[in-house]
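Participant: Fit chain B to the known structure of chain A by using the hints.
Number of protein chains: 2
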Amino acid sequence: MRELYREQLDDVLLDLAQMAQEVSTAVRSATTALLESDLHLAEQVISADDQLDLKQSDIERRAFDLLALQAPVAGELRIIVASLRMVAELERMGDLAAHIAKIARLRYPESAVPETLRPSFVRMGDVAEKMVIAAGQTLHDRNVQSAEELRDRDQEMDELRRTQFRVLLGDDWPYGVEAAVDVALLGRYYERIADHAASMARRIIYVVTGEFPEHEYWPQP
Amino acid sequence: MRELYREQLDDVLLDLAQMAQEVSTAVRSATTALLESDLHLAEQVISADDQLDLKQSDIERRAFDLLALQAPVAGELRIIVASLRMVAELERMGDLAAHIAKIARLRYPESAVPETLRPSFVRMGDVAEKMVIAAGQTLHDRNVQSAEELRDRDQEMDELRRTQFRVLLGDDWPYGVEAAVDVALLGRYYERIADHAASMARRIIYVVTGEFPEHEYWPQP
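Sequence order for the protein chains is A and B.
According to the UniProt record's numbering, the residues represented by the first sequence are 1 to 221, in order.
According to the UniProt record's numbering, the residues represented by the second sequence are 1 to 221, in order.
To be clear, the hints were calculated from the coordinates, so they are not data collected in a lab.
Watch out, some of these pointers could steer you wrong.
One copy or two, it doesn't matter: identical chains are merged, so the pair holds either way.
Stated by the list, open to error - With a Cα cut of at most 20 angstroms, we get these calculated DMTMM-like pairs of lysine to aspartate or glutamate:
{"id": "1", "residue 1": "102", "residue 2": "158"}
{"id": "2", "residue 1": "102", "residue 2": "159"}
{"id": "3", "residue 1": "130", "residue 2": "15"}
{"id": "4", "residue 1": "55", "residue 2": "95"}
Looking at chain A on its own, in the form it has when it is part of the complex (with noise of 0.2 angstroms):
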């Protein structure tokens, strides 16, 4: 009985690292759909969300079954319910990355991003990719060490930002008012994946650690 249960927090923690493999893909599919106008790749990414979302409430329910048969405590607990949060912190990020496809898709077949600002976009991309990434590695490993990397790579996110920021609103834009609302709402979308992948590090830091490393590592904006 008890080793059943074993398996089947386990399978929870499996499945996790798997849908973090997926979002991570999606966030690729959707930068690559956003840099090339691909029309069709940006249609699979918005499909994908749903599969998402399915699987983000079979973990959920899995997770509420182990809380209300097992009763578990002290560091199983905090995994569980660690789980929850990042299940919910996962689908989110897919979310983000549909509505990236989406503006994709709204400006096909022109694209979203001006000429400008693409090799920003690639970074940003590069660098959310990354993040859902190593935040799966983190917790399929449960190892602190990868949180250090999530925290350089979000102060890279920001840095990203401002200077999209500084673009966006320096004297010279000639883009136009539309590709300036497209660029602030995609920075904004890359941004926030970003956060959801530390604050997934965060929770499993506290789960392998029992400690917040709030402080340490994400300094409060």
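Facilitator: Frame of chain A, contents of chain B only:
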């Protein structure tokens, strides 16, 4: 022992309802700060957000202790798990109110909201505030009917956002790129507050009825 536990659970729910009250105040103050270019009030909303974060930690810890020490089942387990989610939603709404206040502060003594869009932001602020209040009341009374109100208001918020985009992207937008970016992000923050309030209401309906009203009340976009 059992009675003490019931009391502690009721206290958690009362504190959640109280937190919803504080968040609704933050939303109202942020809107006033934005529309009246009130720097003092903007600063207040920004500092009050730290208090909401503390309140979140406190409620989270107590809900966790109830899970750990009481091994609740069935309806009570559902309530506690939903509380953990709702406290995160409330904390997030507080962040969003602070984001609105930060834009007000950034543009002070000017206003971030162009004259044409003032009435629209007055409505947005009102809808968001009322939705947070309704979410808190639904929580307090566990009354499924107040959820109806939330549905209607959520639709109004979406309509307000669409109208803002039409104005923003019209050929005759005279306020420049900075104002457009501010309006797009502000609209996004209000929309997210409404989303979180609607999501809280869905959780409460789930706790009360055991069923998610997903498709009836909030059709997927």
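Participant: Check residue 102 against residue 158 for me: Cα-Cα at most 20 angstroms, and say if that holds within a copy, between copies, both or neither.
Facilitator: between (23 angstroms within a copy, 16 angstroms between copies)
Participant: Could you figure out if residue 130 and residue 15 sit no more than 20 angstroms apart (CA to CA) within one copy, between two copies, both or neither?
Facilitator: Within one copy, since 19 angstroms is at most 20 angstroms while 38 angstroms is not.
Participant: Measure nothing new, just compare the shortest in-copy and cross-copy C-alpha distances for residue 102 and residue 159 to 20 angstroms and report within, between, both or neither.
Facilitator: between (25 angstroms within a copy, 18 angstroms between copies)
Participant: Have a look at residue 55 and residue 95 and pick one of within, between, both or neither, based on CA distance no larger than 20 angstroms.
Facilitator: within (13 angstroms within a copy, 28 angstroms between copies)
This entry satisfies every hint, going by the numbered hints stated previously.
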